[in-house]
Each structure stands twice: as structure tokens, then as C-alpha cells.
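6 protein chains.
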Amino acid sequence: MQRSDRQAVDAILNDYAGGRLIDRMEMPHRPDKESVYSLLEELFSVLFYGYYPSKARLADDPTDALRMVVEEAMLHMRHLVMSALPCDARYAAMSTAEIAEEAGEITEAFFRSIPRVRALLDTDLQAIFNGDPAAENRDEILLAYPGFYAITIYRLAHELQMLQVPMLPRIMSERAHSQTGIDIHPGATIGPSFFIDHGTGIVVGETTVIGEGVKLYQGVTLGALSTRGGQSLRGKRRHPTIGSSVTIYAGASVLGDTTIGDGCTIGSNVFITRDIPADTTVTMQDQELNLRIRDRH
Amino acid sequence: MQRSDRQAVDAILNDYAGGRLIDRMEMPHRPDKESVYSLLEELFSVLFYGYYPSKARLADDPTDALRMVVEEAMLHMRHLVMSALPCDARYAAMSTAEIAEEAGEITEAFFRSIPRVRALLDTDLQAIFNGDPAAENRDEILLAYPGFYAITIYRLAHELQMLQVPMLPRIMSERAHSQTGIDIHPGATIGPSFFIDHGTGIVVGETTVIGEGVKLYQGVTLGALSTRGGQSLRGKRRHPTIGSSVTIYAGASVLGDTTIGDGCTIGSNVFITRDIPADTTVTMQDQELNLRIRDRH
Amino acid sequence: MQRSDRQAVDAILNDYAGGRLIDRMEMPHRPDKESVYSLLEELFSVLFYGYYPSKARLADDPTDALRMVVEEAMLHMRHLVMSALPCDARYAAMSTAEIAEEAGEITEAFFRSIPRVRALLDTDLQAIFNGDPAAENRDEILLAYPGFYAITIYRLAHELQMLQVPMLPRIMSERAHSQTGIDIHPGATIGPSFFIDHGTGIVVGETTVIGEGVKLYQGVTLGALSTRGGQSLRGKRRHPTIGSSVTIYAGASVLGDTTIGDGCTIGSNVFITRDIPADTTVTMQDQELNLRIRDRH
Amino acid sequence: MQRSDRQAVDAILNDYAGGRLIDRMEMPHRPDKESVYSLLEELFSVLFYGYYPSKARLADDPTDALRMVVEEAMLHMRHLVMSALPCDARYAAMSTAEIAEEAGEITEAFFRSIPRVRALLDTDLQAIFNGDPAAENRDEILLAYPGFYAITIYRLAHELQMLQVPMLPRIMSERAHSQTGIDIHPGATIGPSFFIDHGTGIVVGETTVIGEGVKLYQGVTLGALSTRGGQSLRGKRRHPTIGSSVTIYAGASVLGDTTIGDGCTIGSNVFITRDIPADTTVTMQDQELNLRIRDRH
Amino acid sequence: MQRSDRQAVDAILNDYAGGRLIDRMEMPHRPDKESVYSLLEELFSVLFYGYYPSKARLADDPTDALRMVVEEAMLHMRHLVMSALPCDARYAAMSTAEIAEEAGEITEAFFRSIPRVRALLDTDLQAIFNGDPAAENRDEILLAYPGFYAITIYRLAHELQMLQVPMLPRIMSERAHSQTGIDIHPGATIGPSFFIDHGTGIVVGETTVIGEGVKLYQGVTLGALSTRGGQSLRGKRRHPTIGSSVTIYAGASVLGDTTIGDGCTIGSNVFITRDIPADTTVTMQDQELNLRIRDRH
Amino acid sequence: MQRSDRQAVDAILNDYAGGRLIDRMEMPHRPDKESVYSLLEELFSVLFYGYYPSKARLADDPTDALRMVVEEAMLHMRHLVMSALPCDARYAAMSTAEIAEEAGEITEAFFRSIPRVRALLDTDLQAIFNGDPAAENRDEILLAYPGFYAITIYRLAHELQMLQVPMLPRIMSERAHSQTGIDIHPGATIGPSFFIDHGTGIVVGETTVIGEGVKLYQGVTLGALSTRGGQSLRGKRRHPTIGSSVTIYAGASVLGDTTIGDGCTIGSNVFITRDIPADTTVTMQDQELNLRIRDRH
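Residue numbers (the working numbering), protein chains in the order written: chain X, 6 to 302; chain H, 6 to 302; chain F, 6 to 302; chain D, 6 to 302; chain B, 6 to 302; chain Z, 6 to 302.
Treat each hint with caution, since some may be false.
For chains that are exact copies, the list does not tell them apart, and a pair is met inside one copy or across any two.
Mimicking EDC-like on lysine to aspartate or glutamate, the simulated pairs with C-alpha atoms at most 16 angstroms apart in a straight line are [what the hints assert, rightly or not]:
(1) LYS38 x ASP144
(2) LYS241 x ASP262
(3) LYS241 x GLU141
Since the hints were made in silico from the structure, they are not lab data.
Same shape as in the complex, but just chain X:
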């Protein structure tokens, strides 16, 4: 190496002593993102075995193979939970043995919830099929629809969030966000038969509550009114409550701790910050009268 190159290297090494927030050289535990992503692949095999069969070659009998897949996923989940728990101050003082114990219980609870999660996903699949005339069959939805993919990851991440596991739920939901453009916070509460179409740009905030049979189109925001409060708002309700059988069309925003009643329809690009009673249709007034149309000649 040339002297000048070596100086550049040394300057970077020295820079790690600078007292910055990002100046970590070692972390005792760390929930590796790639490991979370492969756990998600394993969980897809657990949930939808016929569609995502295990790559493993130890058994041809599908039930035996599924059993091995489930056990493998349980072990990996437990290890990831062990690596994630110390990120939370509550666990920082625990001994490794206690953390391992805790991680085992959390993992078992998570896997006990899988049948419930599968039952919910079954309703979601049917809702998408009913709602999208372009859907040719259910297999296509399961294998190719970003909405179903994002909902699946949300439902898994939400279970972990309920079990108060740090880091992992957010890494999972950001995986879905990255793959689909759909950003559902794992803290949100979402009922059965949830339908998302296209999905890019959808935001569902942390304290949002969504009822049964809700449909969201691309670009819908269920967000907070203002985040100027920053960390002082932590844990406070600041996102909407959406009733059952509500449809929200593309680009609409519902902001703040408002309630949209059951059976409402919210039109494209509508911007709402107040409560809407049940069975109401809200659209932009004279949306097209507002246009200026000029002949180019």
C-alpha cells in the first residue's frame, strides 16, 4: 500500500474513537438481518408448506419434512430471540441462562400462535380473491401477490411484538416494506379478511386499529397528525381506528387518533383528520370540476 492509502485507512480506524453514536466496534449480541430473512423463509414453509416446500432432502414424506422444518424454525427463532432480547434495557441485566430460558418461552408461545395466524391468513386470502377481478386463482395470490406477502409478514411480526421481543418485529416489517413498498408497523392491530391491492406507498402506523374486511389501495396513509413531539409521544395513541368493512381508495390519508366507522368508503386522495360515522362515503368534492383543461392549440 502507498503511504497515502495507508493514511486514509488509519484515519478511518482512528475515527472509531470519536465518541459518536455510531462508534461501536463490538456488540455482544445482534439480531443479524440475513438470519431474520432466512427465518422468514422458514416461517413461510411452516405456514404454507405445499407452496414453499423445504429445500431439505432428509425426508420425502411431506409431514415428516414439515416437522423437521418446524423444529428447525423453532431453533432459529429461539436463537434470534436470544440475540435480540439484550437490546431491550429490561433484559440487559439478565444472565445468559435467564435470557435463554426467556427466549425458549417466547418461542414456544410464538409457535403456539401459528394455527391462529394460519386461520387469519386464510380469511385474508379469500378476501383478496373476492376483491380482485385480476386474480386468476388462489395459488397466484399466495405465490405472487405483494399484499398477501406483506400481510403474512405483518401477522408474524405482530405476534412477536405482542410478546415484546425487541428489534425482530421491526426487521421483519421492514423486510416486507422493502419487498413491497407496504409499511405496516408490527404494533398495529388488524382484523381478519384484510385486503391490500398494489400496495406501494401504504403506511399503517404503530397504534392503528383495523377491523374486519378492510380494503386498502396503494398510497393510503393511516398515520399520525404530527410527530413534532418526537420521543415524548412514545406509546401514546396517535393513529386512526378503522371500523369493519371499510374501503380506502388510493392515495387517501387518515391521520391522527380518529375513527372511521364500519362500512365507510373513503375515496381516492381524500385527507381526513376527524371522525367519520359508520356507513359514510367520503370523496373529494367536485374532484374533476377542479381541473383546468386547455386545448394545446
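Given the structure of chain X, go ahead and fit chains H, F, D, B and Z onto it with the hints provided.
Below, chains H, F, D, B and Z alone, put in the same frame as chain X:
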């Protein structure tokens, strides 16, 4: 394994007998997503050999190498088509030999269309270069522009859609959607010299028809008015027809079976559900007069 | 192969002689995208070693390991720069030795900027933590927030852009765009403490200038007014200047060579094409009065 | 595909109906070789953590990381044992649940033996260091000596053989054979402080018994006299017993159910089929008198 | 880079102009070794599908999956043959189209031979099971015995050798040599029911002919008497002919164009350069009388 | 996990505190074997670029690509040397900076020797071609002959041994040993035009000296007489000196600090422990008279 862990595993295995839509343990055929993604990589080598040269090391002469790449892609396409055809009820009763025969013919037809697809992509490349002042040269567009990537995949998926192959076109278009945020249904019909800029959030619906020389910016929706009809709308025209030389700026929506005439310009955020005659410019009326501007003091 | 298959293959090979823009069989150099992506992974290890430790197993001492990571990244950067420079007409006539020399100098300059980049990223991390009540701790932001990921890649790509390296900055920024839906042109100028939330659909154009402590939400466009001029606009200022401590809420657009003064707040969906003085709040007028609300009964 | 190619394919498919021994299209379980090889890698991490640290990134603390490695290896071992047991007629009739139970007990027993195996390997390492003047330090032996590698795999495979697991021990010992040319049957019994130098061509048969502190050089055979009896000899003692502190030089053969007493030295190329009393040196008589030496002129 | 490093690099680049035999910078075709190794894996799936099932996920039905595996292997074989043919002077002048044609015919002929090869391997498997008392069942032989592995590769490589394909047969046989220590030249002719035990160090030369039911143990050489003639001996018979039902024990050598009659047994370490009539047993005379036995005291 | 499984895990963790030689939990540096293997692949590209072209895609021009390959190999070599040096007591006390400096100098010296190594390998290639009538052309030798592969690795490892780098030379030579069964100690001194045929079982000891134009066949040992002295013999001459133009046939052993004069021929299975004058042929006396030949009837 502890007893309680084993119970969790058994509960999941039992849950597969629950009669759910998602309860498949085996599918005789299944178009594996990863295989479709690697076929797409092979097809990029087929289309743009100099830019995506084969990784194979069997030949240094580029023509020989390209020949091998094409043959490899043909075989993989045929196998994927074989795995996909039984997903369609029309093929479910066919013998394996008949499906193999059919898959061979479809694959041959697909590859015969490649020169035509390359000719179209050539016009798309030129259109992007002409339209984007930030484009430094054509190579940059080919290697780095999400719009060009999404259009390429659309043009490939559309050919398969025309050949009535199930599943594969949608898996391909969702690949592009996931990578770029651009969601073009493979059933849409799009003319030459198509230009997409930025692209995130664009939706082009199944029965959309787009002319020559059209430009779309990020967040544009060419969608359906309402999907309340669900599966009853299947196959019906429900998306717009866009003429030639039309530009549609960011965030605009054109919904339903409307027609935008040749040469129109549709401004940002415009929302249209009716026909617009040729050579018309449509913008939001007094878009900025509408603002409320307050000094903070 | 059947005769008809062989004809399809030959037709594709012949098609490469057709004089198209895309008809390249060989490129002497070419900045391979996968190589850029792995360089980005190495640069994340350089910037945030504790969070993205090297996979290499040659040293357990983190400082030694980091040194190896930095040197490896320098070599790969130099090779990528060597492969990219000839894409620019200015370098096309240079000898290989001269290009290698130039690539060495550019690489050294890039790595000398790393401490400065790390200092900026430190401010960005703090800004996100302060601004997002859902952020549980700084590690979560570093490992899982798409905004921080996109800003990091922007800051790296921007340094390369300043060093006038062709192709690489754009491939990097499109990587971030693909992963996050956030499209920041590497030519943009962005001050410290930059905060992006959710981010999907954000566009920041090539000649944009952004001050210190700015917050952007999903779907914000800082773009050009019209690109009808195409390549004739190349290099001209056509994007906004955003002052310090400005917040721009979801879906807002600021277009053209306008200036938003320090301390402004721009509301959701606002569309601005003119200058806004400092300390001004701009929102949609009577945004909700504009709604048409119908009871469904 | 051409007709003639298709005929070749069909002929192969038809050939599977031919009633051959090798005509299996499906095996319900199957101990996949690649999985055994990766289990071996995991077991090397379990045995020698500092030398073969886990690739996993979930923990930096070596004890935590080792714990995860051990648990991962236990799960994989259990699954491999589950896949292997049905290869033995004794298990063919068991239910899956019984096999899983049995596999769990075998796996636990195997891992309980690990400290004992490590104690034996410690003596082997010391023996090699003492015996080989070319050995620079113990780390070199642990990382690079084929003899130590083969002995390690033998000791692991032998434990599984003692637990009567079918298939896995042999796949493991053939792995060592392939990597080193040293073929030790997992059924052999070998005492502590075992030393192998160079090793290529060594054969140690199934019913061989070897004492403490034995040294073997390349090409040594401890084999059976004749195998004409074939399967009728199964399980019968047909290989030598080697006492403690015996050295056997390159190319020597000891065949049949003979005994070499403690402290013997067996010279190069010696061929022995009878008992040798303790403390005896056996060499070829006048090995060099036997040569015919001609000047070439 | 430092100047002195750069000089070292330049010296290497310059060295390629030195007119050496090894000074190739480009080869138009080249049968890549890794590709041959993966073809071998595919051929093992073709031969023994139940034991080496395809990793592909496109079909669960084993016959469909096997068909895809065979077709994939045929394509890869054809491409490898295309890359290998120009290595032979006879093909150097052919056009690419002619070589492709030739490669297609060779490949088809090779795959037509597969049922015959499978029939031979079936006899080999039975012979090993009959001959080795340590063999627990046939599956173990198929999955773990180096002798069966080497014979399988020999039988495949021999077919290609008969079809006069350059390079590939030797790369295949060296693969087996590397994995097992068994070096069988693909030009050798070997009858059914061939049995190899342990195998390390076995050499079977190019013009060797072996009858039916022959057994070879480790370290057996069937070689040439002297190779002083070098290239002048090319193609001449210079290796032994071994009759049927011959057993040759460990370390024996049979050299030159000699004949060992049917039913012979050749003892350990025997060295033979002349013909042996049928049904003869040849052993070392007084092999053990020759030993010098000393008490160490 | 069940309690008993957990106990097994804990027992293993506790076992690491047992004060064994193998009880390392952490090593500050460690020359990772996989990294050495990939360095060897890079060095094969450096030595024989046309045969082992780089997989990298950054440049199509072979000289540019080779330059990048050489630089990449230099960096990896330097890092491996840095990780290996502290294994030697002489370096244990050095600072990291000093070790880095030293590693840089060693690496540069190694790469300066490459042209000399290539010149030697050129003579080896020619010698093999001249000596083996089965060799069809030089490309086959370069791509498929284990003898040439082992000699290449020996010549590389020997340079590192001369530069007194610990660990790496031995890991390299064991790689060749594992792949070919040829075990050449990197400390041996071997002249040009070295020819190895078949090779399995060859052993060439640490202090062996071999002249020009020597041929070795499978199973030849050039070894020490006795290693009873163990570590006390370290560094002492204990292996043979082989003159030029010597041929040693299969299975022969030359042991101890003896000298075989120029032009000698040593026959199969000969065992020599004393000096042989130049131009002598040594064979087993009446090797075949010694046989006992019995008719089986």
C-alpha cells in the same frame, strides 16, 4: 425437545388437516419463484448480452456464449411453462406428454418474439434518454434505470400473457414491482417509446392500452374505478386507453374505461374519470391558490 | 434441438447485427451491478463496523478485522472505478495505466472522506431518533430503518459523484431506491441531521439543495417542473432549494428552481412551484371542507 | 427437442421400471450426504471452537456462540438420525413418532459423549506433535494435518456406530477417506494417543482393535485375510488386534485375526498374518541385499 | 499501490508474453471443470434418481422431475461437448454450426447408452454387496462406497471416450481419482460385476482390458512396464488383460501387455510382468519367512 | 429443550475449561482454510490466466482482467500472511503495524517470484507431456492432471516456506495432498522438469532435495528412516537427495539422508536406505522368481 415444544409442533402439523384454502401439503407442479427470477436473469442476458454477459465459462467467443445462453434459457422456460400450465383448469386434464408438447410450442413462440421485443426496447431506451436530462448516456439507463428494468420485464411478461401461460407473467411482473415500485399488469398493452421516470407507485391495470411515446412519472395510477364487483368483473375492460405522445405527471390518476387522446398532458395529482380529447392539457385548477400560508410568528 | 427451435435461436443471434442501440456483444469495461452491491456491503462494514461486522475469519480482534475490511473495500472500489471511468467520454482515450492511476487517486480521496461521512451520518441517526416516537433505540434505526439506509447510500454516492465518477453513483442510488422506494439523486446536496420517515415514493432531484435538520415524509417530491427540454436541460438548475429546519409532510411536491425558506412546514399533498419565505407554514386550504360526505343509506 | 432426443429421454424413464436393484424413484427417508458433511463442519466447531468458530453472527461472546452452535448441531444430528434409522430393518416398522423419540435419545447420548471424545483427541494431538519433527506447533496439526482430521472423524463416527445408527457412520468415515486417503472403518476400536503420518492408503478394518500410543504410517493395511466368504463373514472378527505402543511403518500389512503385542515395531512393507509377541521388531530380511544393481553403461 | 507492488504486477503481466507453453491469455472454448463436476451430479440424478433426487422444485411427481433432470443434463452435456470438441485437432477447422451439430449427435448417443450403463452398474452393486461382509445393505453401497462411485464415473467417462470426445472423459476420471484415490483411465475396458474395495492407490491404465466379476483391492496397479518411450507409445497396447472372476489383492502390480487368465487369484504385493494361465493362484513365496524378527530386549 | 439435552450442552461448554491443549475459545488471528483455498484459486488464475480466467466481470480485456486478479490475489495474500505471522513465536511480540509492514514485504517478494515459478511450471508441463503416452495434449495436462496440480501448489507453497511464513505453506500442501493423494512437504527442494504420474500415495519429506528431470510414480516414498527422535530431529536433514534425470517407479521407498546419483532408475517396490552411484539401475532381484504359483485344481 420439551413436551410443550413438541405439542406446539404437533398442533401445527394437525392444523394442516383443517380444511383451509391454504392447507396444501403437496402440489404436483409449482412454478418456483426463485427459478422464475433466475430465468429473468438469463433473459436479460439474451436481450442485452454485452451488458449482462453470461457467467458461464464454456466459451469466450461472445456469439457462441450467447447461443448457449439462449438454449439454456429456452430449456428453463420450457420447464417453467410445464410446471405452470397445470395451474390453469384448461390444462389440468392433459397428460404430462401433452403438457410437455404444449410447453415446447409456447416456448418456441416466446423466443421467436424476442427480436420484436428487442426492437421495442430499443425505442424505449431512446425515449428515456431523450426525456431525462439527468441521463448521462444510454449504458447508464440500461444498467441502472428502474423504469427501463420494469418495462423490459413487462414486455417479456406480456408475451407470455399473450400465450396464455398462467402464473409466470404475474410472478415476473411482481418481481419488477418489488424491485422498482412499478406495478404494470402483464395484460396491459403498451406501445413503443415508453418512458417511466422514478416510477415508484405507478400502477398500470390489466386492461389498460397505452399508445406510442407515452411518459409516466412516479405515482401515476391507470386503474379501475371501483372493484366492488370483484370476480364478476373478470376479463371486462375497466382501465383507461391512453393515446400516443401523452405525458402524465406525478401522482395523477386516470380511472375506469376512459380515453385520453393523443398528445395530451395530464398534470400532477390530477384525478380523471372521463374522456379527454386529443391535444389537451389538464392540470389542477389554481392548485397553489388553494394553499393556506401562515407565518409561524 | 428441433429445427424450429434452432431457427428461433439463430434469429436472436442474427438480431444482434441489427444496428440497434442495445446491440452490444462486448464492452471492454463494465461496472457490474452485483459487484457494486457487494462493495456497498463492504462500505457498510467500514462505516458501522459493530453493526455489520465482516464475515471474514482472518482476525478476531475487531481493529485488525476492520483494517482488512477497509483495505478490501479500497481495492474493490479502485477496480470498480477503473471499470467505470471509460464510460465517460473524457476517459475513453486514456491508456489503461492512466486510468489505473486516476482510479487510485479517486479511491484514496473517497476513503479520506469517510470520517466526514461518518460524522454526518451520526447527526442523521440522532435526527431520526429525535423525530420518530416509534423508534425504540438507536440500534434499531441503524439496523432496520429504510430512511437511514437510503441516506447512508446517498452520502456515499454523493462523494463519488463529487469525484465525477460515472455510473457508480447512480447504480448505488438505484440500489437504495429499489430497497426503500426512496429515490435521491447522488447529485443532490443535503445537509446534516436529515430525517426521512417511511420514505416510499420520495424523489429528490439532481440539482436539489437541502439544508440542515430537514424532515421528509413518504411520497414527497422535490422535482423539476417539466422535463420537456430533455437533454438540453442537462446540468441546469431545475430543482428546489430547501432551507434548514424545514419539515415536508407526506405527498407534498415542490417543483422547479424554487426556494423554501428556513423553518418552513409544508403540509401533506401541498403542491408548490414558487418561493416560500422563511418560517412559513403551508397547508392545503380547507382540505377537509372539500370533501363530499354521503351517508350510504 | 428433436424426436430422437425425446426417445433417448423416454428410454431412460422407462428403464426405471426394469426391476433393477438401483431402480428407486423415491425413498421416504434418506440421509443426504451434503447434510452429513455440514453436520461434520458443525461438529468440528463443537469440538474445537477456537479453531473453527461458527460462521453465525448472532453472538460475539464465544460461549454464547458455542452454545448456539451446539444446539444447532444437536437438532441437525437428530434430524439426520431420524432420516437414517429407517434404513435399518429393525426400525422399518416403527411409527414416525417412535423413530423421532429414538432419534432424540441417540442424539442426546452422542452429545453426552463429546467431552470424552475431546479428551481422547487431546491425547491424539499431543501424540502427533511428539512424533513428527516437521510439526511446528499444535495449531498447525489441528488445522492442517490429515491424520488428525481423519482420527477426529473416526472418533465421532465410532460413537454413532456404537449407538447402532445405520448409514451415518459410514458416510462420515468415507468423507474422511475421500479427503485424506485414510480409510478407518467406524466399527474399529482405537485407544488414545493415536498417531497417523501422511496417511494415504491406510486401511483399518471393521473389527480391528488398536491399543494406546500406536503409530501408523502411509499405506499400512490392518485388514482381513480373504473376503471370499462375503456376507457369511458379517460381524465375525476378521481383523488384527494391535497392542499399545506399537509402530507400523509405511506399506506394512497385518491381515486376519492376529495379535501384535505391546511395544512391537513393524517395518516398512512387512506382510504379517500371524501373532507377534510383545516388544518385537519385525523387518524385511535383507531387504536391500535383495536388490539387483546394474550400472547403466 | 506502492511502486514496488506495481512493478511486481507489471512483471507478471509482461511475463505472459514470454513464449511459454502455458502463456495463454484466451481460449475460445474451454471445458470448465466446475461445469463438468455439476454435470456429473446431474448424471448421478439421472442414473440413481431415488438416491440423488433433483434439487429443483418445479415438480413433485418424481417421473416429471426426472424428465426435467434428464433434459437439463442433456443440454449441459451438449454444451460441454461443444466446448471440448475444438480441443481436438480434428475439429479445430469445423465451423461452429458443424461443431454444434456434432455435439448434438454425440450427446444423443451418450444418453441412449444410459440404460446399458445402468444395467452394468446394477451388476457392480450386487458384486460389491456379495463381496464385502461389512456392507450392511445396498443403499449404503450406493450412497457411501468410493469403489461404486469410481466405477460409476468410469462407466460414464468410458462412454464419452468411445465417442471420441476430448478432455471431458479425463476430467471426469480425475474427479473420481481425486475423491477416491482410484485412478481408472476412461480408455480401459471393464466387464460387469466389477468390485473395488477401499480402492486408494488403484491404477488402471489406458489399454487395460478387464473381464467379468473381477475384484481389485487397494493399491493394485494394472500399469505399463516402462514409459520411457513417451509419446511414441501413444495408442499402443501397453497394459494387461485380466480374465473373468479374477481377484487381485492389495498392493499387487500387473505390468505390461500380459494376460491373467480367468479365475486367477493374485496375492498381496505380487509383482507380475508375464502371462498367468487360468485358474492359477499367485502369491509371494514364503512372504513371512522373509521377515527378520528381533526381540527388543 | 429438554432438561437432559440442556445438561449435555452445558457439559460441553464446561468441558472447554478443562485445561486441554485443544481448549481454545478464541484465537486473535487464524489463517482460515477456506480463505487459503480461494487464494489458491486466485493464484491459479494468476499463473494460467487463459485456463482459469477470473470469474470477475469488471473487464473483458484479458490483460486488464488479469491485472485486477493479480491485485486482488496480492491483497488476500497479504491479509492471510498477516493472520499467519503471529502463529510463529518470532512475531508474537510484534505490534500490528509491524506485522502489517512485514506481511507487505513478504507478499511483494512472493509475487516477484511468480515469473520464476511460471518458468519452472513450463518445464514441468513439457516433462509430463514427454513422459506420458496417454497425454493427448498440453491443455489436458494443465486442466486435468493431478501431478501437475500438486507440483503447482508445491512450487507456490515452497516460495512461502522460503519466506518463512508459518502455517500457510502447510495448509496449501495439504490441500494438494487431499485433492491428489500426493504429499510434498513445502520445505522440499525440487528442480525443473519434474514429472509425477498417477501420484496417489507419493510422500516427499521436508528436507528432500530433487534434481532436474526427475520422474516419480504412484506410491513412491522419499522419507525419513525413523521418526523415533520426534521433535529433537526438528530441522535436521533426514530425507534423501535425488540427482537429476532419475526415474523412481511405483511403490519404491528411499529413506534417510541418502543420495541417489544422477541418471539412476529405481524399480518398483525397491526399498533403499543407502547411497546409489550415478547411472545405476536398481530393481528387486528375481522379483518374479519369488512368486509361488499354484494351479487351483
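We went through each hint and held it up to the structure:
no., hint, result
1, LYS38 x ASP144, "between (29 angstroms within a copy, 12 angstroms between copies)"
2, LYS241 x ASP262, "within (10 angstroms within a copy, 40 angstroms between copies)"
3, LYS241 x GLU141, "between (42 angstroms within a copy, 13 angstroms between copies)"
Of the hints listed earlier, there is not a single one the structure fails to meet.
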